[in-house]
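These protein sequence lines map, in sequence, to chains A and B. Per my numbering, the first sequence starts with residue 1, numbered consecutively. Per my numbering, the second sequence starts with residue 217, numbered consecutively.
Derived from the structure by calculation, the hints contain no laboratory data. Glycine included, C-beta positions come from ideal geometry on N, C-alpha and C. Where hints are given, some of them may not hold.
Per the computed footprint, the stretches of chain A lying under chain B, defined by three or more beta-carbons under 8 angstroms from a beta-carbon of chain B, are [said to hold, decoys possible]:
{"id": "1", "stretch": "113-119"}
{"id": "2", "stretch": "134-142"}
{"id": "3", "stretch": "209-216"}
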Amino acid sequence: MSFEMMLVQLAQGMVKSLGIFMWTLVISLPLGLLVAFGRMSKNPVLRTIIKLYISIMRGTPLMLQLLVVFYGPYYLFGLQIGGSYRFIAILIGFGINYAAYFAEIYRSGIESMPLGQYEAARILGYSRGQTFFRIILPQVIKRILPSVTNEVITLVKDTSLAFALVYMEMFTIAKQIAAANTTMMPFVIAGVFYYIFNLLVAVIMEWFEKKLSYYR
Amino acid sequence: MKLLEMNHVRKAFDGTEVLKDISLSVSEGEVVSIIGPSGSGKSTLLRCATLLETMDGGELVYMGERAAWNDASGNTVYEKPAKLKHIRSYYSLVFQNFNLFPHYSVLKNITDAPLIVQKREKEEVYQEARTLLAKMGLENRENAYPCELSGGQQQRVSIARALAMNPKILFFDEPTSALDPELTLEILKVIRDLAKEKMTMVIVTHEMNFAREVSNRMIFMDKGVIVEETTPEEMFRSTNERTREFLGRYHDLG
Ligand SMILES: Nc1ncnc2c1ncn2[C@@H]1O[C@H](COP(=O)(O)OP(=O)(O)O)[C@@H](O)[C@H]1O
Ligand SMILES: [Mg+2]
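Make the full structure from the sequences, and use the hints.
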């Protein structure tokens, strides 16, 4: 297989990896906030369930979680799987896994906010929702940005775990080309792709941090 | 007319009584100072008055409208949230450590609540905010962020923020305790000016000379009770031992 051919095929895989990456963020960033609310809820039952969910998500391999989400419906309920469910399973697996990590980050950020901010908002008559979305969350986002950046960089690399469900993202394709042509080249190219991907992520996150550096 | 009435207020933290049967009323145009050693319950009293803390027992009334009252067994019950929201519009509170919103500019700190909470006209709110800033001597700092201001300037912004809500009564909890002596003077001047305009204020402070000069009435609290409540002149001539002992610490017994 020619070098150009490899590049083209890997680039197609890269687009799929990028898809997993984007969709995971779109799902898990808001979902993580909801989970964080559950984790901090006054309701002890909800709080315990969420705590358990987070600890399972963080305590077991993401690859195992992906396999459970994908094959679970078949083994548990005898449902036909495959086709478009492959991608959906990937989004569910990544989404709920990353939501758990983001939830803990949100929680630490929210809990680090000084009580005085809530009290000032209360005195000024802001509702609970207004207080959270106007006063608290913007400051929390600034505080947690470095931790979020770490998580996002991990996600770029984690997209390769979709190979476990034989989804044609970059790493799966690299493996197939390497096996068929007995060459290391696709891995090297894939590595360069991931690296550049993460450089971009770092640049974008740095831009965000800079944008939020107008106050302390 | 009584703007604020607090009757037989009780409050305990973990079984320790911090406020023991405190009653206090404030009329329109009055300036009331609350003095007393630290830990005597001054902040807790203001926090109960401003609904930041719930009372265990007692009554809280603003403008004749009850925010809280005693049930048959003498425990406080509060009004419904919608009613309390309305009652909150009667007062504001200036904190010791300002609690400005760091991510908002000076102007936004002042205008956000009038726009979002009171849903007032934008033109009018901005105009009023700029007038307030000018009054606070901060006319050219409206685009600054709190972190770019001195403590005294931050406290002046927070006073402007409170005034922008057009409260009937303004509470201060040690507004100068976080400031150097020099910056303290600029805040005291602002409060003095407000007193001249007949703004109704309740001020917890350790600035004895200031309290004496600015207030119509002084309250001395100790260990959760009001020991003495009288005019500044009387307070500084008090024969009460606890009052004398406390004021004596400030070396400015007249
Ligand atoms: N949230 C709280 N939890 C427990 N104890 C408190 C709390 N707030 C105040 N206290 C206690 O109540 C007493 C009165 O405190 P405070 O009202 O702050 O006094 P002051 O403002 O006069 O210095 C103090 O002994 C303080 O430790
Ligand atoms: Mg205090």
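Here's how the hints hold up against the structure:
1. With 4 residues bearing a CB less than 8 angstroms from a CB of chain B, the stretch 113-119 of chain A meets the requirement of three and the coverage assertion stands.
2. Coverage of the stretch 134-142 of chain A by chain B holds in this model, with 5 residues showing a Cβ closer than 8 angstroms to a Cβ of that chain against a need of three.
3. Only residues whose C-beta sits within less than 8 angstroms of a C-beta in chain B count toward coverage, and the stretch 209-216 of chain A has 3 of them, enough to reach three; the restraint holds.
When the structure is compared with the earlier hints, no violation turns up for any of them.
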